[in-house]
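Mapping the sequence shown onto my numbering, position 142 (from 1) lands on 165, and the numbers just tick up by one.
Hints are computed from structural coordinates only; laboratory data are not their basis.
Bear in mind that the values here come from a model prediction, so they are computed numbers and not experimental data.
A couple of the hints might just be wrong.
Unchecked claim - Pair by pair, the computed Cβ-Cβ distance ranges are:
hint: 1; residue 1: Gly263; residue 2: Asp225; range: 42 to 50 Å
hint: 2; residue 1: Ala136; residue 2: Gly238; range: 42 to 50 Å
hint: 3; residue 1: Arg403; residue 2: Arg532; range: 51 to 59 Å
hint: 4; residue 1: Arg209; residue 2: Gln90; range: 50 to 58 Å
hint: 5; residue 1: Arg403; residue 2: Lys326; range: 19 to 27 Å
hint: 6; residue 1: Asp284; residue 2: Lys165; range: 52 to 60 Å
Glycine included, each C-beta is placed from N, C-alpha and C at the ideal position.
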Amino acid sequence: MGQPFPLLLVLLAACGSDAPAPTRLEYYLTADPPSLDPALSTDVQSGEMVALLYDNLVQFDVDARLQPGLATGWEVDSTGRRYTFHLRTGATFHDGAPIGAAEVRASMLRALAPDSRGGRQWPLLPLEGARAYAAGDAKTVKGIAVPDDTTIVFTLEEPLNIFPKFLAMPVAAVAPAPLPPGFRERPVGSGPWRFVSWSHDDALVFARNEEHWAGPPSEDTLRVRIIPEELTRGAEYEAGLLSVLEIPFGETRRWEQNVPDELQRRPALRDVFIALNTRRGPLGDVRVRRALNHAVDVETILKTVMAGRGVRAAGAIPPGIIGYDSTRAPFAWDTAAARRLLREAGYEKGFAVQLWRGKRSEQARIAQAVQQDLAAVGVRVEIVERDAPSVRATVRNGEADLYLGDWYADYPDPENFTYPLFHSGNHGTGGNYAFLSDSVLDAMIARARATPDEAEKERLSRESDARIHRLAPWIFLWFPADVWAAQSEVEGWRIPAVFTGQRWTGVRRSQ
Numbered sequence: 024m025g026q027p028f029p030l031l032l033v034l035l036a037a038c039g040s041d042a043p044a045p046t047r048l049e050y051y052l053t054a055d056p057p058s059l060d061p062a063l064s065t066d067v068q069s070g071e072m073v074a075l076l077y078d079n080l081v082q083f084d085v086d087a088r089l090q091p092g093l094a095t096g097w098e099v100d101s102t103g104r105r106y107t108f109h110l111r112t113g114a115t116f117h118d119g120a121p122i123g124a125a126e127v128r129a130s131m132l133r134a135l136a137p138d139s140r141g142g143r144q145w146p147l148l149p150l151e152g153a154r155a156y157a158a159g160d161a162k163t164v165k166g167i168a169v170p171d172d173t174t175i176v177f178t179l180e181e182p183l184n185i186f187p188k189f190l191a192m193p194v195a196a197v198a199p200a201p202l203p204p205g206f207r208e209r210p211v212g213s214g215p216w217r218f219v220s221w222s223h224d225d226a227l228v229f230a231r232n233e234e235h236w237a238g239p240p241s242e243d244t245l246r247v248r249i250i251p252e253e254l255t256r257g258a259e260y261e262a263g264l265l266s267v268l269e270i271p272f273g274e275t276r277r278w279e280q281n282v283p284d285e286l287q288r289r290p291a292l293r294d295v296f297i298a299l300n301t302r303r304g305p306l307g308d309v310r311v312r313r314a315l316n317h318a319v320d321v322e323t324i325l326k327t328v329m330a331g332r333g334v335r336a337a338g339a340i341p342p343g344i345i346g347y348d349s350t351r352a353p354f355a356w357d358t359a360a361a362r363r364l365l366r367e368a369g370y371e372k373g374f375a376v377q378l379w380r381g382k383r384s385e386q387a388r389i390a391q392a393v394q395q396d397l398a399a400v401g402v403r404v405e406i407v408e409r410d411a412p413s414v415r416a417t418v419r420n421g422e423a424d425l426y427l428g429d430w431y432a433d434y435p436d437p438e439n440f441t442y443p444l445f446h447s448g449n450h451g452t453g454g455n456y457a458f459l460s461d462s463v464l465d466a467m468i469a470r471a472r473a474t475p476d477e478a479e480k481e482r483l484s485r486e487s488d489a490r491i492h493r494l495a496p497w498i499f500l501w502f503p504a505d506v507w508a509a510q511s512e513v514e515g516w517r518i519p520a521v522f523t524g525q526r527w528t529g530v531r532r533s534q
C-alpha cells in the first residue's frame, strides 16, 4: 500500500501546476504522403509536409513572395549565371547539428545523386555539371562552391532569371547528408516543426521547434490527419475536429449559406486539365487533340460541377501570373468542328481511350461529363479510377491515354506553367504528362527563362502559352478559385498562394 503515495503527489502537483495545457492545431491531407524526404518530394502532399519540417535557403510566404530562409540575402552577377547566397549563423538541424554552407551543398548533392531519380530533380539541374552528376557521369557538381562556412556560390550552365525561386522548392530543402539512421520514417530537418510520429494512412504529428531561428510556432502541436473521404472531412470540421477545411466545389453554396463568416476565397495559381498523351495512338495528331477540345462543353461543367469557381482556360498560364493573356479565346464547344477534325485525321468512326483519374468526387463528375461529351463525337472513353499513387505512377510512366489532373504552382512565375509541363526534357516525372515534344516551343521557353528583361520575359511567355494552346496537348479546362473554411477560434491562417507558403507558424487558437 505504500507505492501509490508518491504517484499521488505527482498527480496533485500536476493538477496544481500553472503550466498551460498543450494546444494543438488540426490539419489534413487527402492521401498519405509518399515520402517526407525533400529529395523524393514530387507531389503537393509531401511538399506541404517538407515545408513544415525543413528550411530552404529562401522560402515563399503565404502570398508567394520570396523571403530569406537559411540565407539572409543573395546577389547575381552581370552574366546572370553566378548567384552568391549568404547564410545566417546559428541555424541547426533538429538534432542540434549546425547548418553551414557545406551542409547545404551536401544536401543538394544528395538530391541530385543518381539514386534520387525518383524525385523531381529539375529545379537543380540548371547548375553547372548537375546533369552529368545526376546521370552518374561525374563525381561532383562543378556549379556548387563553398568559399566559407556562411557563403555558397551557384554557377549555372546558362542565365536563369528565376533560379532563386527554384531554391524555395521542396527538392532544395536542406536535409542532413548523409542521412541519419531511420530517416525515411523519422526525418530530421531544421524547420519550424519537429517530427514526432507518422502513422501511415492515419496521421502525422509535429511539435513546435523551440530553437528555430525565426522563433517557434505559436502553438505546441500540429497534427495532420489523412482523410481521403470528402464527407468525412466535412463532418470532422463541423464537429470542430479540424482547424481548416477546403470546401468541395459541389458544396460551395451550402457552406456560403451556413457559415459565410468562416470562409476565405482566393484565385488559385493552378490549372485543371486533361493531359492527352501525344505518344499514344490518335493523340499524336494535333487535329485529334483540337477535336477533343472542341467536343467538351467546358463552360457547362464549370458551372454545374464546380459551382462556377473558376475561369475558362485558353492556355496554361493562369491569371495573376505575367504572360497570362485574357484576350485569347478558349476552344469553342463545337461538335461539328470536332467531327470535321476527326474525319480529316482519319478517325471518322472515332476510337477508344482510357481516362485516368483520382478519387475526388468532383473528378468523378468531371470525368463522367467529359465521357458523355466525347461519346457524342464517337470517342469512347473508359474511366479508370485509382488512388493517387497509382494514378501518378501510371501517368508518369506514359501508360495513360488521358489524365484528369491539376497543377499547383511551385513558384509564382510563368515558367512554372511552361517548362515543367511542356518542355521535352520533362517527360513524365518532370511534369510533362502529355509527353509533348516540340523544338520550337522548347526554344521559346528557353529564351523566356534566360532573359533578365521582365517585359521581354512577359512577351515570350505569352507567345509560348499561345503555342501551347495551338498544339493542344491538354483539354484545357479552367483555372479554379479556392474556398476554405477556418474555425472561428483559429487566427492567423490564410489560404497560401503556393502550397509551400503556409507553414502554420503564426496560426493560433484564440480559446
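Each hint tested on the structure:
no. : hint                        : result
1   : Gly263 x Asp225: 42 to 50 Å : violated, 19 Å
2   : Ala136 x Gly238: 42 to 50 Å : violated, 34 Å
3   : Arg403 x Arg532: 51 to 59 Å : holds, 52 Å
4   : Arg209 x Gln90: 50 to 58 Å  : violated, 28 Å
5   : Arg403 x Lys326: 19 to 27 Å : holds, 26 Å
6   : Asp284 x Lys165: 52 to 60 Å : holds, 56 Å
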